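One-letter residues, chain by chain:
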Amino acid sequence: MIRNASLYVLLTVLECCLATGVVRGDDRPVVYTSNYPIYFFATEIAGSEVDVRLPQMEGDPAYWAPNSDQTAELQAANLVLLNGAGYENWLNFVSLHEERLVDTSAGLADSLLPLMEAAVHQHGPEGEHSHVGTAFTTWLDPKLAAGQAHAITAALVKLKPEQEAGFNDRLARLQRRLKQLDLDLDQVFTALGDQPVVFSHPVYQYLESRYSINGRSVHWEPDAVPNFRQWIDFQKLLAGHPAKLMIWEGEPLPEVSDKLAQQGLISVVFDPAGNRPEHGDYFEVMENNRQRLLTVLGML
Amino acid sequence: MNGALQLGWRYLAYHRFKTAVLLASVTLMMFLPAATRLLVEDSAQALNARAALTPLLVGAKGSQLELVLSSLYFHAESPPEISYQVFKDVRDTELVIAIPLHARFRARDFPVVGTSLDYFEFRNLELAEGRLLGLLGECVIGAGVARKLGIGAGDSLVTSPETVFDLAGVYPLKMKVAGVFAPSGTPDDEAVFVDVRTSWVIQGMGHGHQDLAEASAGNAVLSRGEGAITANASLVQYNEITPQNVREFHFHGDTGGFPLTAVIAVPPDEKNGTLLRGRYLDNKESSEQLAVPGAVLDDLLETVFTVQNYVVLGLLILSLATVAVIVLVFLLSQQLRRGEFFTLRRMGASRAFIALLVASEIVFVFAASLVLAALMTWTVRAWATKLLLSLMTF
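Top line first, the protein sequences correspond to chains L and W.
So for the first sequence, my numbering puts the first residue at 1; every next one is plus one.
So for the second sequence, my numbering puts the first residue at 1; every next one is plus one.
Careful: at least some of the hints might be erroneous.
[Said to hold, decoys possible] Calculated lysine to aspartate or glutamate pairs in the EDC-like style (CA-CA distance at most 20 Å, straight line): (1) Lys158(L) <-> Asp269(W); (2) Lys143(L) <-> Glu287(L); (3) Lys158(L) <-> Glu129(W); (4) Lys88(W) <-> Glu98(L); (5) Lys158(L) <-> Glu94(W); (6) Lys88(W) <-> Asp103(L); (7) Lys244(L) <-> Asp258(L); (8) Lys143(L) <-> Glu98(L); (9) Lys143(L) <-> Asp258(L); (10) Lys158(L) <-> Asp169(L).
Hints were generated in silico from the structure; no laboratory data involved.
From a predicted model like this one, the values you see are computed outputs, not experimental measurements.
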């Protein structure tokens with residue numbers, strides 16, 4: 001009995017040590033990622049050959065910026081895998097080794113969607129200018145996500161050429177799963193047809209584009225009650241775009257979803273999975289999104 | 001024998017002025033040719049060492065020497081510029097590691113060098129204090145800058161305006177010192193390093209201001225039209241980049257057209273370097289040129305060595321003349337001292353004793369001159385090379 005208990009304790013300690021890399025004398029290359037989808041794809045492709053990390057970030061990684069400690073970690077990394085498409089705004093003001101940055105959507109430039117024109121402003125002698133950009137939630141289109149996975153694989157192969165076969169095998173497996181996800185989502189949105197949809201935030205451009213969703217976006221936060229002006233604008237939107245479904249990034253406040261229900265709109269969450277989910281992984285989050293959509297489709 | 005040496009020594013000590021003139025003449029005769037040669041050789045070695053460690057440079061067409069000196073020593077006032085696109089093109093060849101350089105501005109008389117983190121690895125610069133550049137608006141200073149200005153990590157440094165008459169020009173930028181490099185004995189000790197984007201902010205190509213779309217910017221808005229906002233002169237532009245306002249900083253236009261003064265290209269092997277050189281040699285219409293700093297400085301030093309040979313030859317001829325004069329001085333001196341030598345002979349001194357007396361005087365003068373010349377040469381070697389290199393930095 002005591003021997004068994006000792007053996008159990010020893011095994012537990014060994015497992016902990018292995019998990020923290022204490023025993024293996026971890027000399028694996030360190031690769032940082034800038035959001036959860038890229039982190040997930042990289043871990044799936046890299047297996048245990050590379051130490052893939054996602055910095056601790058609160059909220060939406062699109063609005064994250066590294067602090068000085070995180071900047072030092074990014075500077076010391078062997079690679080930094082970026083989502084690209086203007087997602088990493090912090091790159092404009094953080095100094096990193098440029099040759100270690102990998103823009104995973106650089107090869108998808110033709111498929112990237114421009115954002116609506118921002119307000120033009122003018123000051124000083126430079127003339128008019130605006131700060132426009134590109135829609136960046138590329139991973140919501142599984143085909144683009146597959147392209148990003150391919151770019152991640154190429155970067156990892158450069159880092160560890162001797163592991164090329166393993167990386168390619170795991171990439172093929174990931175791409176099969178992304179293809180299946182694409183088919184599943186296509187089935188759901190085909191059932192939705194041309195029905196007008198409102199998105200709570202302008203982050204679903206690639207989902208709209210991929211599945212030809214008849215959508216319009218507002219700028220509402222799930223944890224905030226829209227002000228009077230926003231409700232007025234919303235009514236105007238509905239007048240020309242009679243939606244019955246509103247897709248949210250997160251669970252809206254009950255008073256907001258109730259008020260929407262009174263106006264005949266069903267609220268449903270489609271989590272973009274930009275940050276590390278509390279439970280499950282990228283595919284589980286997408287499957288949950290699909291299940292929720294399937295549920296509300298029956299109510300429309 | 002001791003008596004002859006002592007008499008010789010006493011003679012020199014008694015005729016102080018004559019001895020001093022002799023010492024000065026012989027010392028300079030020994031020092032000048034040796035110091036000239038050693039100084040030129042040491043300076044050439046120091047120049048070549050930095051040039052040899054910088055394999056290739058891409059810059060604007062024009063004087064290759066100017067390009068090399070401004071890129072290695074950051075001394076140029078307004079070096080010709082190339083576009084950041086050139087850096088991207090060199091990098092995208094994947095033949096070399098490309099390092100951007102934008103060395104145009106100054107902060108309290110020290111050159112501000114806009115570059116990337118790769119520069120510090122390339123030059124093997126070690127931090128003595130603080131950390132590397134992290135955020136836009138931060139700088140890392142060389143050991144000489146830290147010592148002369150008495151600043152360190154956590155302090156601030158303000159850039160100098162390009163001209164005091166440019167009242168409407170770019171405002172100075174207050175930079176935070178993120179770290180200090182350990183002394184390297186190179187011009188990097190006397191430089192202030194920033195991210196190349198920070199140097200663009202200094203140049204006024206990027207700036208930060210409050211968001212004009214926000215209601216709080218009301219007083220700064222001149223007009224707000226359909227999709228267009230015009231600011232008035234009261235719009236406050238930040239002159240310091242902090243973690244709080246860094247997100248407000250932005251660049252207008254395509255950064256590909258933004259300026260650099262050079263690109264350092266570091267090929268992994270000779271083949272890649274040759275391939276890159278071939279691309280620039282083939283492209284006659286390019287507005288850029290590729291220079292090999294080692295070769296450019298070799299050409300310069302060849303000229304310097306030729307001039308040095310003429311100078312040394314002239315000094316040697318002068319030395320011969322000095323020797324002739326010294327011999328004459330000694331011969332005339334013997335004539336004047338005939339009575340002294342006669343007295344010594346009458347006192348029983350041999351001819352050998354008198355010869356030893358005269359020889360000891362000559363040996364004392366030459367030995368003392370040799371020591372003095374050696375000391376002066378050592379001093380020159382210790383300080384002159386540093387002085388010469390520091391002059392090239394400014």
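Hints and how they fare:
no., hint, in the structure
1, Lys158(L) <-> Asp269(W), "holds, 18 Å"
2, Lys143(L) <-> Glu287(L), "holds, 16 Å"
3, Lys158(L) <-> Glu129(W), "violated, 34 Å"
4, Lys88(W) <-> Glu98(L), "holds, 11 Å"
5, Lys158(L) <-> Glu94(W), "holds, 13 Å"
6, Lys88(W) <-> Asp103(L), "holds, 15 Å"
7, Lys244(L) <-> Asp258(L), "holds, 13 Å"
8, Lys143(L) <-> Glu98(L), "violated, 27 Å"
9, Lys143(L) <-> Asp258(L), "violated, 35 Å"
10, Lys158(L) <-> Asp169(L), "holds, 16 Å"
In summary, the structure is inconsistent with hints 3, 8, 9 from the numbered list given earlier, while agreeing with the others.
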